[in-house]
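Put chain B on the given structure of chain A with help from the hints.
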Amino acid sequence: AQSVTQLGSHVSVSEGALVLLRCNYSSSVPPYLFWYVQYPNQGLQLLLKYTSAATLVKGINGFEAEFKKSETSFHLTKPSAHMSDAAEYFCAVSTWANNLFFGTGTRLTVIP
Amino acid sequence: DSGVTQTPKHLITATGQRVTLRCSPRSGDLSVYWYQQSLDQGLQFLIQYYNGEERAKGNILERFSAQQFPDLHSELNLSSLELGDSALYFCASSPGGTGENTQYFGPGTRLTVL
Numbered sequence: 001a002q003s004v005t006q007l008g009s010h011v012s013v014s015e016g017a018l019v020l021l022r023c024n025y026s027s028s029v030p031p032y033l034f035w036y037v038q039y040p041n042q043g044l045q046l047l048l049k050y051t052s053a054a055t056l057v058k059g060i061n062g063f064e065a066e067f068k069k070s071e072t073s074f075h076l077t078k079p080s081a082h083m084s085d086a087a088e089y090f091c092a093v094s095t096w097a098n099n100l101f102f103g104t105g106t107r108l109t110v111i112p
Numbered sequence: 001d002s003g004v005t006q007t008p009k010h011l012i013t014a015t016g017q018r019v020t021l022r023c024s025p026r027s028g029d030l031s032v033y034w035y036q037q038s039l040d041q042g043l044q045f046l047i048q049y050y051n052g053e054e055r056a057k058g059n060i061l062e063r064f065s066a067q068q069f070p071d072l073h074s075e076l077n078l079s080s081l082e083l084g085d086s087a088l089y090f091c092a093s094s095p096g097g098t099g100e101n102t103q104y105f106g107p108g109t110r111l112t113v114l
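Protein sequences, first through last, are from chains A and B.
Numbering-wise (my numbering), the first sequence opens with residue 1 and increments by one.
Numbering-wise (my numbering), the second sequence opens with residue 1 and increments by one.
Worth flagging that the hints you see were computed from the coordinates, not collected in a lab.
From a predicted model like this one, the values you see are computed outputs, not experimental measurements.
Hints may contain errors.
As the list claims (entries may be wrong) - If you only want the chain A side, here are some residues facing chain B, beta carbon under 7 Å, derived:
| # | residue |
| --- | --- |
| 1 | Gly43 |
| 2 | Leu44 |
| 3 | Lys49 |
| 4 | Phe102 |
| 5 | Thr104 |
| 6 | Thr106 |
As the list claims (entries may be wrong) - In silico DSBU-like links for lysine-lysine, alpha-carbon gap of 30 Å or less:
| # | chain 1 | residue 1 | chain 2 | residue 2 |
| --- | --- | --- | --- | --- |
| 7 | B | Lys57 | A | Lys49 |
| 8 | A | Lys49 | B | Lys9 |
| 9 | A | Lys69 | A | Lys49 |
| 10 | A | Lys69 | B | Lys57 |
Positions of the beta carbon are idealized from the N, C-alpha and C atoms, including for glycine.
Only chain B is shown next, with the shape it has when bound in the complex:
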């Protein structure tokens, strides 16, 4: 158990819909990262937050957004869902924002778009 929690574990929805994925980081960690794992794209970095502020952006679509709240939990919002958004979404956390900060991963949320 990494100490990172994600809810829900599974999500099934329809095209065009909007969903919210939730992540709680390890106690004391200030950084939260979101990754997408799909068969065709592999594991891709989406976005990073550090202590409530956006720190870095990766291959995140404009239809996707995220935020980190004062209690440091984070939410990833996916809207206007398409079939290709079906994937495993991981959250990771680390103590700091830069430098050598080992990331610890949650169990993931499996999103299926029908």
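One chain only, chain A, in its complex shape:
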């Protein structure tokens, strides 16, 4: 079975500060891992994905994530937060069956 745990339902950072959103996964087989972002009243937009190639994955808008098998983690980071980063972020896991299992989401607030 696959599952994802996102630590922290709300995270607040100051503009220009480091963004760190945590995600731990559980999977009985090698997983594919994804981060999606949801802006208010919009759908889900893919930020980045891990598919067993490089463990450090770069995505859009300056975000990146590192796959750490020993820690079963796939945390999302951005060196410097912008006001436009305020949104809800979802970590998701899938396997060969391709169905996505989502975490409960983390709402990011950026303080000016």
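The following block gives chain B in isolation, referenced to the frame of chain A:
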């Protein structure tokens, strides 16, 4: 814009009624997925179709059904609606049916059951 379209954007109906949500996948994508997003359940996978055939089922109620047509668009039918069915329903599409297939999401249909 992901290339996935969903209609309608908003739907307001009464308990006991039946509604149909429509999804058109990205050009060339054969798989369509339906997800439900609600405050208490979060984002949940409902069902997947691949090239017209049901491929996988998730937490889909018996009152709900879906199909994928020859032109690859999909419809999600929700019947005997209850207040708890109020949610955002997303459709996603991907090129294939298994393996690493990134899913691209539509803008969603917001269903309100009164």
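Here is what the structure says about each hint:
no.	hint	verdict
1	Gly43	holds, 4 Å
2	Leu44	holds, 4 Å
3	Lys49	holds, 6 Å
4	Phe102	holds, 4 Å
5	Thr104	holds, 5 Å
6	Thr106	violated, 12 Å
7	Lys57(B) / Lys49(A)	holds, 23 Å
8	Lys49(A) / Lys9(B)	holds, 28 Å
9	Lys69(A) / Lys49(A)	holds, 15 Å
10	Lys69(A) / Lys57(B)	holds, 28 Å
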